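Protein chains: 2
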Amino acid sequence: MDNFQIVYSGWDPEEQKLREALCTLGNGYIATRGAAEESKDSKNNYPGTYLAGGYNRAKSNIADKEIENEDLVNFPNWLYLNFRPESGSWLNLDECEVQDYQQVLDMESGILSRSFVIEDSEGRKSKIESRRLVSMRDMHNAALEWILTPLNWSGSIEIVSELDGNITNNGVERYRDLESRHLDVLSTQELKDGISLTVQTNQTQLVMAQAARTTLFDGNHKLEVDTKTISNKKSIAQHFFLNAKEGISVRAEKIVSIYTSRDKAISEPSLEASENIAFAPLFDQLLKRHRQAWNRLWKQADIQLDNGAKTQRLARLHVFHILQTASPNSVGLDIGIPARGWHGEAYRGHIFWDELFITPFYNLRFPDIAKSLLMYRYYRLEKARHAAKEAGLRGALYPWQSGSNGREESQKIHLNPQSGNWLPDHTYLQYHVNAAIAYNIWNYYKATGDHEFLSCFGAEIFLSIASFWGSKAEFDTDKGRYVFLQVVGPDEYHTSYPDSDQQGLNNNAYTNVFAAWVLQMALDILDLLENPTAERLLQRLEIDEDELLLWKDIGTKIYLPFLDGEVISQFEGYEDLEEFPWEEYRKKYDNIQ
Amino acid sequence: MDNFQIVYSGWDPEEQKLREALCTLGNGYIATRGAAEESKDSKNNYPGTYLAGGYNRAKSNIADKEIENEDLVNFPNWLYLNFRPESGSWLNLDECEVQDYQQVLDMESGILSRSFVIEDSEGRKSKIESRRLVSMRDMHNAALEWILTPLNWSGSIEIVSELDGNITNNGVERYRDLESRHLDVLSTQELKDGISLTVQTNQTQLVMAQAARTTLFDGNHKLEVDTKTISNKKSIAQHFFLNAKEGISVRAEKIVSIYTSRDKAISEPSLEASENIAFAPLFDQLLKRHRQAWNRLWKQADIQLDNGAKTQRLARLHVFHILQTASPNSVGLDIGIPARGWHGEAYRGHIFWDELFITPFYNLRFPDIAKSLLMYRYYRLEKARHAAKEAGLRGALYPWQSGSNGREESQKIHLNPQSGNWLPDHTYLQYHVNAAIAYNIWNYYKATGDHEFLSCFGAEIFLSIASFWGSKAEFDTDKGRYVFLQVVGPDEYHTSYPDSDQQGLNNNAYTNVFAAWVLQMALDILDLLENPTAERLLQRLEIDEDELLLWKDIGTKIYLPFLDGEVISQFEGYEDLEEFPWEEYRKKYDNIQ
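Chain order of the listed sequences is Y and F.
Under this note's numbering, the first residue of the first sequence carries the number 1, and numbering increases by one thereafter.
Under this note's numbering, the first residue of the second sequence carries the number 594, and numbering increases by one thereafter.
Worth flagging that the hints you see were computed from the coordinates, not collected in a lab.
Fair warning: there could be bad hints in the mix.
[To be verified] Which residues of chain Y face chain F? A partial, calculated answer using Cβ under 7 Å:
1. 202
2. 204
3. 205
4. 265
5. 266
6. 268
7. 310
8. 313
9. 334
10. 405
11. 406
12. 410
13. 510
14. 514
Since we're looking at a predicted model, the values are computed, not measured.
We put the beta carbon where it would ideally sit given N, CA and C, even for glycine.
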């Protein structure tokens, strides 16, 4: 089962944040970065826990303008667990000698484990072994196990287990000038069996409650030790005081329940979290159930390749992270596929066009997840209609970046991290997402034959998008063809012409071809629907016979720019651009990435 | 289309609350009682707006005990619209002469209209005509139209349009000793186009925002009049000042947007409500779309009968209210079928066994709604497992009364409204709901062939329920049969034996037969699932071969009580009960209902 494991040998502080992202554990509902249990936000560490679709908006003043961004919120850190010997410091890998460090991401079972020996300034050597999971079976539960073995010392120690709500969105360097405070802590509470923390996002008013039950064991025997609960305004922690003996392991289990105000079947989140933690089983039992769930998923999900262990492992890494982003737990959660999973804050957790590449996988293996992802778009159809209206167009115009409610979340101005300048951002003109969404509907239908989805939801989105493209097209009498002007294609490095005030480019080939496909296919979909479904839909969407004829015409008379009449040009006028001054830039900047 | 109309002629204050319930308009997401627009909670009027599944818990001190009840919350009243002539009083049908009163519930289009003439103490006669809808098409919108015509006078008038958050749960007389305050008003706001009010339930923390845009028209010409917005802590109102002329009608349109924190595709409710109301169309357009939606529903829903107009109308009244309770808008809302719809506060909006009678209708006509109602149970399976565990039994024990999170919501003590005594309430022993739920799953599967639902969700519920019944059964060696002791059957008037401390009755025939059916059918369902699905499910639910053999045995050896060996007895010992002292009670109380 080697090809299910990612193994990191040796402690490499510089690489830690990358490892955190790649070792994220998630279950399609929550995701937690693979940060060290004992770490807090610092130079080399960035613990992050994200809720699928858990967004919040904040306003920042930049360059004398107020801008608003919607972020994927970093919620409280449930991981934190640490220890110190009496008179010693809390464990911090950046401040002590680390030996035999090994970290393993076991993708087969969705378990992240770490093992290492540390030696502190007083020569005390201790071994730490940890395992953790974010349960695929019990979606509200996460858990970790920590085994501490003093190798050459005995003495009294303190173990701390915290729920830390003192969290900001601080994961992406280029966003650091922007407002990053998204959470208010509503309450901390000592429970019969542990502790709980409840927070609320300060704009979307999304509540998340976390409850934690931490238990110490000597083997399988529960240790009764002195315990103190300390809470401050933003966090709550249990401190355990005990004597550690050379060569004898102390095992800590931290079981966590997470509920939010968006959940089904709840009274209110903090009540559910407390009740759940009272019933939650021990680590081993949770692990067993979690393993079974991953086992079932892999039976449906595994892609086996012939070309070597590394490729095989990489394919599984992709499948693993995709399933952690949208799993059977995600069905009905009203989420889309974010550009980087729920694994961090880059791209703000927004939904771009990535479904285009990922839904073919779900269509065949997990059609219910694919459908749920498409429903994310359906529920935002009204907003897309408003966007089309505001652009003076018909139908539905889905945003390039979509988040909570489906408005355009693309930034209006964008920081060039090299120059430090804020520049206008035209990337929202990537209307081609409106071909991708239509394509995903068609592809889902082809794979599943789900005619009910097509009739009730899919066709409405598809025709609304077609209506947008139909109204966006212009007939160019010189060319004798239809053109799409002022758009941006998938190449985000070209968003306008030099020395031109025009936003966007004309006749991006990808966009033109794909839009024409949508318009042709819309007519085929109408044929697929039985009457009176088709007629009623056209009536509701106010699409008349003339509009259908227009679609047909555009579908066969779309303009395509060519270089020398043979090679399709990326967009009209591409051939007139000057070559990029590669040498000049290579001289000016070491790395021109 | 007479058979789609309920017509009330004449103003009958005594009958008003019944009319309010029967004239409730809803769309499977929200429901608003048919109270007069100009009325507030009073002797004859009880405006109520309810959210499907919108519950809140409150504690009350009764008979020295603290009891907690979960109520369906009465949310702010969006209806309120009233007028007064200068120096006159606000319209109140209880205080003026009412002529030509007619109220029509048009079930074909989901429209409630009223028309009447009033004469005030100064002899001013005015005609009022109103129409309203809760949009089946645009689920976040409701709207009303009010036409005022001064018949014999002219003068300045004031019209008020309010969103009233000064609301308690006050609809059921017998609950009035209980805590009835469920709402905190979070904010009132004056919008560019109107007003908004945001409230939050004080325990479940469910947020509802309402925004209203009120516009006055002279025919189709918008009237620009003096307007003043007045808000206090719990409500906000727009006041319009204008001159009315004899014989000239003034038409007011009030368009309302309602969003809650449970909605999909939202940033936060008050933002969505304000944005929606800015885009919402005029009354006529909303009405047109609403009509189209009802038209489509009736095409699938209508039940046509041959035995007379009255029966036909009644059948439609039932279908109409069922569809207002759970409609295509309800799919995915995590709601069940409440005993009295979302039409008022009786039964607290709880979910009993009513699905048993109603899902056969949905199964054939709206299978997606039926499935969504079953998913309400699936999401509460974990709570049902806890309940079984706490009762010392296996599997899943669903509650007799289910609400927000699926715990047992039946009262522990119950007020006898006649004697004023609080008595222990054993009705929670109606475990037979756990046969009804299983039956609904089977029935849905039979009607739809939805094997995916059965494999992923239905079978898990069904087998968990079977496991409960299997562990509840006891083998009576004297009888040579299995018995179910201490249960309550559907006859809620018999919940224990006289002069016995035992809660519940033994061997209720309905329960025994139905439970045996569940146990037999569970085995059939296992046969229907392909392996390895069946095996994996048994493994997950920890059901072994012995347990399956036990089910088979119980299924064929259930005890049934008989009267004289021929007629099935309602329960064991029924024949030993004394006859009810009918005469004595008839003498003591006029009405022994």
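Evaluated hints:
| no. | hint | in the structure |
| --- | --- | --- |
| 1 | 202 | violated (10 Å) |
| 2 | 204 | holds (5 Å) |
| 3 | 205 | holds (5 Å) |
| 4 | 265 | holds (4 Å) |
| 5 | 266 | holds (5 Å) |
| 6 | 268 | holds (5 Å) |
| 7 | 310 | violated (31 Å) |
| 8 | 313 | violated (27 Å) |
| 9 | 334 | holds (4 Å) |
| 10 | 405 | holds (4 Å) |
| 11 | 406 | holds (6 Å) |
| 12 | 410 | violated (16 Å) |
| 13 | 510 | violated (28 Å) |
| 14 | 514 | violated (25 Å) |
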